[in-house]
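A.B. asks: Listed here are the chains, written in short residue letters.
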Amino acid sequence: MRRTGFIVSFLAVSAAIGVAVTSLVGFPRDIVVTQNMATFDSSTIVGQKLWNETPVQLLYTFMRGGTLLNPGVPGEGGFEFGTRLRLAYGDEKIGFGNQIADVRDGVTSDVLDAFRSNLRTTGYESVTPCPHDYDLDCEVIFTWNRDRTKEVGIQMVFIRLGEREYGVVDDSLLGTE
Amino acid sequence: MIDLQLINWPVTLSLGLIQIGSFLFLRASRNLAFPVAIMVFVTGASLSVLVKILIPAVDVNVVLVVISALVVFLGFVWARPLPRKSAILAFAAGAVTAALFVVSQVVTRLGGYSSIGFGDGQTVIGISEGLQVGVYDRPDGIIGLKRGFGLPAYQSLGFEGEFLVGFLPVVFLAALVATYVLLSSLISNKALLNVSYSSLLVILLSTESVTRHVYLMNTHSLTWTIFAVLLVGLLKFVKSEQDKSTWVMVCVALAAGSMLRADNLLIFAPTLVLLTWVARSQPKSHRIGFWVATFVPFAAWATILGFDLPILGPLGFPVFAVFGILVGLGVMWLMDKPWASDKVMQWLAKGVLVGTLVLAFALSPSAWTAIVNMFINLFLGEGLWGATPLFLVLLYVALILFDRGPVSQQQKWIFALVAGTMGAMILAKFGDGLSQPGTLGVFARIGWGDSLNRMLVYLIPGAVALLILRAERVWNRFDEKSKRQVVANQTKKRP
Chain A
24 MRRTGFIVSF LAVSAAIGVA VTSLVGFPRD IVVTQNMATF DSSTIVGQKL
74 WNETPVQLLY TFMRGGTLLN PGVPGEGGFE FGTRLRLAYG DEKIGFGNQI
124 ADVRDGVTSD VLDAFRSNLR TTGYESVTPC PHDYDLDCEV IFTWNRDRTK
174 EVGIQMVFIR LGEREYGVVD DSLLGTE
Chain B
21 MIDLQLINWP VTLSLGLIQI GSFLFLRASR NLAFPVAIMV FVTGASLSVL
71 VKILIPAVDV NVVLVVISAL VVFLGFVWAR PLPRKSAILA FAAGAVTAAL
121 FVVSQVVTRL GGYSSIGFGD GQTVIGISEG LQVGVYDRPD GIIGLKRGFG
171 LPAYQSLGFE GEFLVGFLPV VFLAALVATY VLLSSLISNK ALLNVSYSSL
221 LVILLSTESV TRHVYLMNTH SLTWTIFAVL LVGLLKFVKS EQDKSTWVMV
271 CVALAAGSML RADNLLIFAP TLVLLTWVAR SQPKSHRIGF WVATFVPFAA
321 WATILGFDLP ILGPLGFPVF AVFGILVGLG VMWLMDKPWA SDKVMQWLAK
371 GVLVGTLVLA FALSPSAWTA IVNMFINLFL GEGLWGATPL FLVLLYVALI
421 LFDRGPVSQQ QKWIFALVAG TMGAMILAKF GDGLSQPGTL GVFARIGWGD
471 SLNRMLVYLI PGAVALLILR AERVWNRFDE KSKRQVVANQ TKKRP
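Those protein sequences? They're chains A and B, same order as listed. Here the first sequence stands for residues 24 to 200, where the numbers follow my numbering. Here the second sequence stands for residues 21 to 515, where the numbers follow my numbering.
Next up, chain A with everything else stripped away, as it sits in the complex (with noise of 0.2 Å):
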């Protein structure tokens, strides 16, 4: 009794260890909870939209009829969720030909500010490794047109807006500015 106690106990702790390290290390993760609200009112957390999700959440969650332009190759400047979102897109709904677009290239620091600023008004902020260094954490602004939401085909473009700071939004907001 006391031999196979011992043989079953050190067997079915190593494997949890196990699968909870391949867990942790081997599969996707995003966000558990959001971390140091500054608020707990319930009008201010929708109002500010005081929570985190990622990315690729937010694109299966909202965007699921989508096509997504630029989020460039995984390892070479492309974001490094972009493999995962090939499983939802399947490749011809990705292009991965081309690099992230730079929004900055071209326009005013003025114009790119108030560009920012209404993505933000509107947007999911999170934040992710950076497509141009894995090490450093960047921000994402992701958003779109809400009255096409529902729309079959909407095109969501992965752009780069500053140093640190990126966005995911539909090509309609990109061609009004």
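None of these hints come from the bench; they were simulated from the model. Keep in mind it's a predicted model, so treat the numbers as computed, not measured. Incorrect hints may appear among the rest.
Unchecked claim - Quick look at which bits of chain A chain B covers, simulated, 3 or more residues with Cβ under 8 Å:
no. : stretch
1   : 36-49
2   : 105-118
3   : 121-130
Every residue, glycine too, gets a C-beta built ideally from N, C-alpha and C.
Got chain A; can you put chain B on it based on the hints?
C.D. replies: Showing chain B alone in chain A's frame:
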């Protein structure tokens, strides 16, 4: 440092009182008193908010404390004659639960923890904000019924403008405790129980889709708790171990589920039918009590919040509840027929899953896509389940290969409940899919945000129960083998 004024004392007091009452009701299975107290609290809090809506002048905290005191009083009446030691233990349990909630509030405020993401959580805290002032701000369409009442109701007991800070982790803890109690009711081998549960905890707490439920503004951890408690009740009825407190516990669990949201009625339906069957040695009034506990709380909140049905208008949901109870009577009548047997009931429950899948494939061109999405969520990581599902499936197969003996009655019932519930969950989500244009009835999407993916935590108690029962058989087999070997060695050594 945390300001003591930021501790929600009325709710803490109420929870402590309810824990005392729950402990007294469940003296025979004390470990369940904590999860059941959480369910009673949710039901009591929901009732208090309904009173507030009907009589805006009342103070909801006062109503809640009165209900809680009533639970304690009934507990003392129920437990008579009560030895002094039991009374002291009941008060100690109340103090521990209250202290737990205080700790959770402090930790949550210090860390600023919450999880409100996506639309559901925002809708819930929006509704709860209105309920604080006795106003139900009804969301569009059927969203109100889908998001339900129980969660925004108890969340509205937070401070002015806030939701109820720190309560969700206590619910999550209740789910873990209820799962432990379920496992402890299944196997007598303490060593195996503790090793299995510790290993399970390590696995569950490293699985993001599980740990997200610690703070997620949703009903999932509570429904997980409810399923664990219902399984304990079901297995007690199967083993004819039931006492009156088991019946009360099951009714409380069903009522709490019914308070939460409308689609729980569908999701609990297979469990309800199985309970009605396995409890057939109980008086008929007790069995129909399960149906009353399931249908009446839902009808009450839906009617008071102003939901109605076509043609029947505001009387729609009361009529629906009466209809539901009549269906219960009809089911009981059918169960008296000679063809009704354990086997038939188990096959019926499994048939819910098969039937739902057949229906989905027949009606929706997206059914296969949904199955693929579920596979991607569970096994390829996008549902944030990590390596857990793959490991559990492989472990289960390995255990079957080690011991291919006939399955026990307990295993059959648990499997039937898990299959039936899974079928009902898919059916609920399939209906959801059909009601949304452009989705072609797809019942599972890729990602953590998919409802079905998040609802899978309901099946954790059943799944781990099936595993541990298999593990116990393999353990016993190895144990017997090792004993035989020892005896054989000793015999050889003898001159």
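A.B. asks: Count the residues of the stretch 105-118 of chain A with a beta-carbon closer than 8 Å to any beta-carbon of chain B: does the count reach three?
C.D. replies: It holds: at least three residues are needed, and the stretch 105-118 of chain A offers 3 whose Cβ sits within less than 8 Å of chain B.
A.B. asks: Are there at least three residues in the stretch 121-130 of chain A whose beta carbon sits under 8 Å from a beta carbon of chain B?
C.D. replies: violated (count 0)
A.B. asks: Go check the stretch 36-49 of chain A versus chain B for me, would you? Three or more residues, Cβ under 8 Å, otherwise it fails.
C.D. replies: It holds, with 11 qualifying residues against the three required.
Hint 3 from the earlier list is the only one contradicted by this structure; the remaining hints agree with it.
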